[in-house]
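Just so you know, the sequences run in chain order D and E. The numbers in the first sequence follow the numbering used here, run straight up by one, and end at 126. The numbers in the second sequence follow the numbering used here, run straight up by one, and end at 500.
To be clear, the hints were calculated from the coordinates, so they are not data collected in a lab. Ideal Cβ positions, reconstructed from N, Cα and C, are used throughout, including at glycine. Each hint should be verified, as a subset may be incorrect.
Sample of chain E residues facing chain D (criterion: CB under 8 Å; computed from the structure) [what the hints assert, rightly or not]: (1) GLU157; (2) VAL161; (3) LEU162; (4) THR357; (5) ARG359; (6) GLY428; (7) GLY452; (8) PRO453; (9) ARG482; (10) ALA485; (11) VAL486.
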Amino acid sequence: MYPENYRYTKEHEWVLVEDGTGTIGITDHAQHELGDIVYVEVPKVGTHVEQGKSFAVVESVKAASEIFAPVSGEVIAVNDQLATKPELLNSAPHTDGWIARIKLSVPDEIARLLSAADYQAYLAAE
Amino acid sequence: MKTLLKTPLNAVHRASGAKMVDFGGWDMPVEYAGVLEEHRAVRQGAGLFDVSHMGEIEVRGPQALELVQYVTVNDAAKLKTGQAQYSALLYQHGGFVDDILVHKVTDDHYFLCVNASNQDKDYEHIRAHNHFDADVENAGDQYAQLAIQGPLATGVVSKLTDADLASIKRYHFVDGAVSGVRARIARTGYTGEDGWEIYIAPDQAERLWNEILEAGREFAIQPCGLGARNTLRMEAAMPLYGHEIDASITPWEAGLDWIVKLDTAKLDKAKRDKGDFLGREALVKQKERGITRKLTGFEMKGRGIARDGYEILANGVQSGWVTSGGPAPALNKNIGMCMLPLHLCEPGSALEVSVRGRAVEAVTVPMPFYKRAR
Numbered sequence: 001m002y003p004e005n006y007r008y009t010k011e012h013e014w015v016l017v018e019d020g021t022g023t024i025g026i027t028d029h030a031q032h033e034l035g036d037i038v039y040v041e042v043p044k045v046g047t048h049v050e051q052g053k054s055f056a057v058v059e060s061v062k063a064a065s066e067i068f069a070p071v072s073g074e075v076i077a078v079n080d081q082l083a084t085k086p087e088l089l090n091s092a093p094h095t096d097g098w099i100a101r102i103k104l105s106v107p108d109e110i111a112r113l114l115s116a117a118d119y120q121a122y123l124a125a126e
Numbered sequence: 127m128k129t130l131l132k133t134p135l136n137a138v139h140r141a142s143g144a145k146m147v148d149f150g151g152w153d154m155p156v157e158y159a160g161v162l163e164e165h166r167a168v169r170q171g172a173g174l175f176d177v178s179h180m181g182e183i184e185v186r187g188p189q190a191l192e193l194v195q196y197v198t199v200n201d202a203a204k205l206k207t208g209q210a211q212y213s214a215l216l217y218q219h220g221g222f223v224d225d226i227l228v229h230k231v232t233d234d235h236y237f238l239c240v241n242a243s244n245q246d247k248d249y250e251h252i253r254a255h256n257h258f259d260a261d262v263e264n265a266g267d268q269y270a271q272l273a274i275q276g277p278l279a280t281g282v283v284s285k286l287t288d289a290d291l292a293s294i295k296r297y298h299f300v301d302g303a304v305s306g307v308r309a310r311i312a313r314t315g316y317t318g319e320d321g322w323e324i325y326i327a328p329d330q331a332e333r334l335w336n337e338i339l340e341a342g343r344e345f346a347i348q349p350c351g352l353g354a355r356n357t358l359r360m361e362a363a364m365p366l367y368g369h370e371i372d373a374s375i376t377p378w379e380a381g382l383d384w385i386v387k388l389d390t391a392k393l394d395k396a397k398r399d400k401g402d403f404l405g406r407e408a409l410v411k412q413k414e415r416g417i418t419r420k421l422t423g424f425e426m427k428g429r430g431i432a433r434d435g436y437e438i439l440a441n442g443v444q445s446g447w448v449t450s451g452g453p454a455p456a457l458n459k460n461i462g463m464c465m466l467p468l469h470l471c472e473p474g475s476a477l478e479v480s481v482r483g484r485a486v487e488a489v490t491v492p493m494p495f496y497k498r499a500r
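Kindly generate the complete structure, drawing on both the sequences and the hints.
Printed below as a string of structure tokens:
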């Protein structure tokens, strides 16, 4: 369920770091809690985001929720498919439902994130 | 931590994996299969809701009608036995205490269905104005309430009752039995669809819930939570207390003129005069003076979803606020209701909704947003 090579936050985001670039999304737990997702506000390419700061908004039928950046850096790509298929966050939160790619400015930040095992333990305790 | 109130079906909801939320102090299911799927089920088939959190107040006695007439805005004297009407309780200053359903059970017994979070307030309000030979009883814990809503709802309920449902018109009810359980069976609802609201004893709720789901299987009945209840009532432009109506808003401002009967005697001399009622004087004055703001429907033109409390602008000037907003699943649009100055209330007025600081284009439209085929 939760890929071993991803890192996670307690706010239920994930990041996959490859060659200094982080792909970011929300976790399966997050999409389940939010329910039917109908709108995703993605950041503009070129925006600088900071770890722990709001960088996107995901709206379910019921409410709007801020998504916090798991890592700092510059947004180099966003998932354009979400404009017409926001439901990808429900159906494939860890893959096709990715939100943005960020060029990491502080690679050491990764150390503060949770492993898959730690995140699942956190979910179990929550 | 405060303890949440529970309906008699709480364990059933939890066992079936419903997502639960704190709704005005009640531990209630917000969704089962997902809001969109539940919404679709009610628009196209049938949905089952536990609305046992709703309050009930019984008014009995020789002057039951006089008391109901004094504390409500609609004309309860027009009701025949077995008929219900949408009405409201107002303060002296014309603002809402609550919106309610008044059912005439007999000449000296009226049954009020009120909002869950307002039940005690409503009861105290009515009791405080009971200068009549009438008994007022706060009866919320004597009833569970199930709502079966949707174009196929009648098919489901008719399998479980001998009552001649076809002969019961909208806003009418009978006292009968549903799968052997004594029930008040009312053709009312909060979804914009045909449907039934069934009042039963709390200890029968679980059995009836299961029997309705079983009977509804051939109709693909869907258990529904408060999430879908909200999107459904919003499409039908039905007010929600605390959003479209509250103590600071009058029926004229809420667009509920049709439930206020200022002078029925002039319309029908044969009927008893509605006469004076709480809030009447304030309403007469406001009508003479004219209102300055009104509840208005809108839909989003730009990309963005309006949510409760968001600011509304017109030509960049702050002009009002969103009372309820969100996606309208059956219409494939993002809609909302808002309080606006009168000059912006005509359909076709250009607005902007402030969505997280971004002005998103919207336009006023007539309400309701959704109307069922008849």
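Hint check results:
For E/GLU157, the suggested interface contact is upheld, since its CB lies about 6 Å from the closest CB of chain D, less than 8 Å. Because the beta carbon of E/VAL161 sits about 4 Å from the nearest beta carbon in chain D, less than 8 Å, this interface hint is met. The beta carbon of E/LEU162 comes within 5 Å of a beta carbon in chain D, closer than 8 Å, and the hint placing it at the interface holds. The criterion of a C-beta within 8 Å of any C-beta in chain D is met by E/THR357, whose closest approach is roughly 6 Å, and the hint holds.
Checking E/ARG359 against chain D: minimum C-beta separation of about 13 Å lies over 8 Å; hint violated. Because the beta carbon of E/GLY428 sits about 12 Å from the nearest beta carbon in chain D, more than 8 Å, this interface hint is broken. Hint on E/GLY452 holds. Least Cβ distance to chain D is approximately 6 Å, under the 8 Å limit. A least Cβ separation of about 5 Å between E/PRO453 and chain D falls short of the 8 Å threshold, and the interface hint therefore holds.
Look at E/ARG482: its Cβ gets to within about 7 Å of chain D, closer than 8 Å, so that hint holds up. For the restraint placing E/ALA485 at the interface with chain D, the shortest Cβ-Cβ distance is roughly 14 Å, beyond the 8 Å limit, so the hint is violated. Annotation: E/VAL486 was flagged as interfacial toward chain D, and the flag is violated, the nearest CB pair being 11 Å apart, outside 8 Å.
The structure is inconsistent with the numbered hints 5, 6, 10 and 11, although it conforms to all the rest.
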